[in-house]
Amino acid sequence: MAVGVLVDLTKCIGCGSCTVACKMYNGNKWIDNRVPSSGEKAELADENWTVVKKHKVSKTSVSDSDPKEVWRFVKRQCLHCKDPGCVSSCFAKAFQKTEEGPVIYYPHNCVGCRYCMLACPFSVPKFEWNKTIPVLTKCMLCAGRLKKGELPACVSACPTNVMKFGEREALLAEAKRIIADDSRYVQYIYGEEEAGGTSWLYISDMPFEQLGFKMNVPKKPITRYSSKYMHFTPIFGAVWGIILTGIYFFTKRRAKVKKEAGKKDT
Amino acid sequence: MDFNFVFEPDRWAIRVSYDHWSFRITPVRAFLIALIAAAGCIMLYRFAFGLESVSSLSDRWPWGLWKGWAVFAGAALAGGGYFTTCLVHVFHIERLKPICHRTLLISLLGYTLLLIGLFVEIGRWFNFWRPFVSWGHESPLFEVFWCVSLYTIIQFLELTEIMTQKVLRKFHWILVRIFPVLAIVGVVLPSMHQSSLGAIYLMMEGRLDPLWWSPYIFLFYLLSSLYVGPAMLAVESVIVSKAFGHVTPMEPLKLLARIGGVLMLIYLVLKIADLVAANELGLLLANSYESNIFIAEMVFGVIIPLAIVFSPLINSRPCLIAYGFLASGGVFLNRMNVSITGMARDAGVFYFPSLFEFIVMFGIVAGVVLVYLFMCENFNILTTEEEHE
Chain R
167 MAVGVLVDLT KCIGCGSCTV ACKMYNGNKW IDNRVPSSGE KAELADENWT
217 VVKKHKVSKT SVSDSDPKEV WRFVKRQCLH CKDPGCVSSC FAKAFQKTEE
267 GPVIYYPHNC VGCRYCMLAC PFSVPKFEWN KTIPVLTKCM LCAGRLKKGE
317 LPACVSACPT NVMKFGEREA LLAEAKRIIA DDSRYVQYIY GEEEAGGTSW
367 LYISDMPFEQ LGFKMNVPKK PITRYSSKYM HFTPIFGAVW GIILTGIYFF
417 TKRRAKVKKE AGKKDT
Chain H
91 MDFNFVFEPD RWAIRVSYDH WSFRITPVRA FLIALIAAAG CIMLYRFAFG
141 LESVSSLSDR WPWGLWKGWA VFAGAALAGG GYFTTCLVHV FHIERLKPIC
191 HRTLLISLLG YTLLLIGLFV EIGRWFNFWR PFVSWGHESP LFEVFWCVSL
241 YTIIQFLELT EIMTQKVLRK FHWILVRIFP VLAIVGVVLP SMHQSSLGAI
291 YLMMEGRLDP LWWSPYIFLF YLLSSLYVGP AMLAVESVIV SKAFGHVTPM
341 EPLKLLARIG GVLMLIYLVL KIADLVAANE LGLLLANSYE SNIFIAEMVF
391 GVIIPLAIVF SPLINSRPCL IAYGFLASGG VFLNRMNVSI TGMARDAGVF
441 YFPSLFEFIV MFGIVAGVVL VYLFMCENFN ILTTEEEHE
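Residue numbers (this note's numbering), protein chains in the order written: chain R, 167 to 432; chain H, 91 to 479.
Don't read these hints as lab results, they were simulated from the structure.
There could be a bad hint or two in this list.
Claimed, not checked - Which bits of chain R does chain H cover? Going by a derived footprint, with three or more residues having C-beta under 8 Å, they are: (1) 273 to 281; (2) 285 to 296; (3) 380 to 394; (4) 405 to 416.
Just so you know, even glycine gets a beta-carbon here, dropped at the ideal spot from N, CA and C.
Make a model of the complete structure from these sequences and hints.
Structure follows, in structure tokens:
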């Protein structure tokens, strides 16, 4: 069973409780003077594994034809892909995906090359740029709490039940039901197909592209070309080696024959 | 034995000699030494205080000048070594022998540049050996790491074959014996990692600009790493004639340029075919920052060099040199475009390397140039007298 979280953005009031719970459970510092974890300037960062970002969007309601400015709050964190780019891109296995779903970081394996930051289609992993001995950081879906049968810290702290934790496939079915029953929802589930599917799923009443969601993420696993390439590569190496050895002996013999023929002529 | 210092007034140089070693320090070389010292200080500072203290890298821009130049461009430009090794020692094209020592040295130094640059650049440098024991074999970087490491050792052994003509002569025969194996493995490994350097970008679909991103980007990296070899040699022939007055014969350079030209033509055709297949030819007319740089890369780095190679212009030395500078500049630009230009729109921020990043990069290049000059002055690099059987 793979776990997941369904986020209903219509329920979020932007209180930021989830970011506090995240920092407390993971022992992360407050760095609001550098990068805030909630508000309009909120961004994921080395100490911010989850943030709640405020977006001002204009909405046209049924009763009033003039568009009005409304606020929406988007919780961001690692989406825990089914086929994670960070796991596949790491050449030292510093990122590993557990069977239950969370993608975990093991710093003792990490070289700090930061390929994961670029391989992640959602730009989630962050780096401690100002540390002498830095690590990569990101949400690990509170894998330790899940083991004990508890909810992720952010989910358990939410006062308005924005997030629902459970089995991913069940949550996906529920999300489909919710948006089908209520026409105010955008008919799209973010995370259903993005990068081949993610553990976190989002539904919203405002278009996702207006809420800072990246819409050009490939719908198939981000790893599909590279893993195929890497499967093929040992065969390529072996065949290439055999061909070169063949050419080596062939051209060497040819040169020798030519030399001897030259000697006979003279 | 003592150090000897002789002032050579006609060249404004001091010749330092010790036993049978000698090295000339000219004003240019003194400047290069100063650059190395500055780069060394910045590196120490970076190791003490982290990457942010010297670079303009950030979460939005994780890979900058050092990765782009040292790793991607550095590996490509050094790639010329295996192309020539392959033609001389595997295909037994005897006419190319006079220049193969030189490409070998330049290639080894290129890889040294890559390794030093990378070591400064990675955040957890003390862990650099982890991929040897913890195998992330699904990552193209894993292949790059293993092949570059092994190939650097192989190149060092190949170079030892030249060095043992002067020092430690009793080991020379061993190296001559194993040379064919070194030569073949020394072609397979770089072919693999040159293509996987491109394969690194396979996972950046939707992030790297579609002008450069392709599911076949690894093939483009492999082909360009091959054809850049002859071009780099032409560039190097200028440096050698300036520094030592050694005139490189035209014939091997021309032959190599023609072989490289064929590969370049295949590259051009595939590149166009790739854009057509992805229905992206229209992007060329977008008149955007990316499209203009892409067109410049293709015209100056591929089409004009091709025109020189397949016309009588190739017979004139200045044109051959122009071809060398254009083609290798084109590959350099390509690697920088993939790692910087093509990533800018998605990152949403403007990246310009800090002064420190530049000094470190130039310092490493200066170090490589000095070692190259020292090797040429003290070892049998510019000519090849020994035969391999």
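Now for the hints, and whether the structure bears them out:
1. 273 to 281: holds (count 9)
2. 285 to 296: Contact hint for the segment 285 to 296 of chain R vs chain H: holds, 8 residues under 8 Å.
3. 380 to 394: holds (count 8)
4. 405 to 416: holds (count 6)
Consistency with the previously given hints is maintained throughout, with no hint failing.
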